[in-house]
Amino acid sequence: MIEQRPDNHLSYDELLKVLAQTGGETNQSRDHLQSCISCQQALKRVEQRFKHMGNMARQLSPKPSSPFRLSGKKDAYTRWHRKSIWVTGLAAAAIMLMTAWFTQQAEQNSALPEMAMHAIEQDRQLMEQVNALVDNALPAKYQNLTYFPGIKIDEDLINWIVPSIDEEKDNSLT
Amino acid sequence: MKQTNPSEKQQPKLAELHILDWVIQAKAGDRTAFHQLVDRFQPEIFRMIYYRTRSQMDSEDLTQDVFLQAYKHLGRLQSPEVFKSWLYSIAVNKVRDYHRKKRFRSLFGGGSTDDEAFYETEKMAVAPEAEQQVARKDFWRQVGKAMERLSVMEQEVFTLRFFDQLSIKEITATLKKNESTIKTHLYRGMNKVKDHFGDMQRIMEEL
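Chains A and B, in that order, give the protein sequences. Each residue of the first sequence is one higher than the one before, counting from 1 in the working numbering. Each residue of the second sequence is one higher than the one before, counting from 1 in the working numbering.
No wet-lab data here; the hints were simulated from the structure.
No more than 25 Å apart at the CA atoms, straight line, and that leaves these computed lysine-lysine pairs for DSS-like:
(1) LYS51/A to LYS145/B
(2) LYS192/B to LYS51/A
(3) LYS94/B to LYS63/A
(4) LYS51/A to LYS13/B
(5) LYS192/B to LYS169/B
Computed footprint of chain A on chain B; a stretch qualifies when at least three of its residues, placed anywhere within it, have a C-beta under 8 Å from a C-beta of chain A:
(6) 29-42
(7) 46-56
(8) 64-78
(9) 174-188
Think of the CB as a built atom: it goes at the ideal place given N, C-alpha and C, for glycine as much as any other residue.
Let the hints inform the model, and build the full structure from the sequences given.
Quick look at the structure:
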């Protein structure tokens with residue numbers, strides 16, 4: 001609130017506004033302050049009171065016991081930092097080597113079932129050959145002798161031309 | 001109005017140039033330059049923290065933390081011209097953290113926040129003559145009383161302006177707030193503190 005004094009001098013509140021540079025004082029007061037020595041002195045006195053309070057606080061405060069210095073701590077920190085980078089690098093390299101070794105081992109392990117599959121396949125083929133022999137043990141060159149490709153021969157005709165041993169026996173009996 | 005000596009005007013500018021150089025050099029990794037900045041700003045950062053913690057031991061620790069953090073993050077500082085405000089903003093945040101932790105500890109009975117504890121620490125840390133000790137104690141008590149009526153933001157702005165003697169521009173940069181907001185808080189703070197001038201004046205005369 002602006003309380004304009006009758007003699008146009010600035011009120012305490014206006015002086016505070018000028019000090020705080022709020023711009024809340026009127027143009028009239030501003031003009032008055034520029035020309036009035038009494039108001040200028042009053043402004044200085046008010047400012048001085050506040051400043052004096054600050055100065056007293058300054059005088060009644062202790063001083064820092066020792067100046068802050070970076071030495072030592074920073075070097076130690078840098079050394080530690082460098083060391084930690086080396087340790088991290090070495091650890092990363094070790095992990096990579098381990099990973100490579102495990103991968104190689106895993107690949108070798110995965111080759112084993114392949115070999116087993118190959119062996120199984122060989123066994124199966126052998127068994128096929130054995131079964132083929134069980135069905136027809138006659139060597140291939142003899143198999144074609146009784147074989148007439150393209151001609152379907154009746155079984156009875158063959159039996160009439162070449163009678164079976166059983167039939168021969170039967171005839172002899174009769 | 002008081003006529004200012006041109007050499008007086010030049011001096012702060014030269015000092016600012018030195019600071020600027022040191023900041024640029026420290027940013028480039030020059031530790032000596034950083035130590036120059038420490039020597040220049042440590043007393044005021046220490047005081048700034050002391051005003052808010054009223055404990056010398058905690059102020060020592062927090063000041064060290066502020067400079068350590070400043071050194072670590074100096075690379076992030078975009079414009080070296082605002083180094084002072086940047087340093088103060090680190091300190092303001094450290095103090096806020098300190099109070100938050102203190103309140104948290106006091107909730108679980110881990111620490112004391114009462115005035116008695118503060119004055120005990122004060123006695124141990126400063127230990128001057130008895131009369132001065134009493135006056136000192138009264139002064140800080142009055143400051144505490146005056147500040148009690150202020151909001152957190154008003155307290156912060158008022159202390160930065162008159163205790164830490166920062167300009168309004170510097171306060172704006174430190175607290176990262178609008179300039180007109182800072183001015184309003186400052187005006188309100190001044191308006192509330194002025195009622196305590198009588199008591200404070202008496203104590204200041206005693207001292």
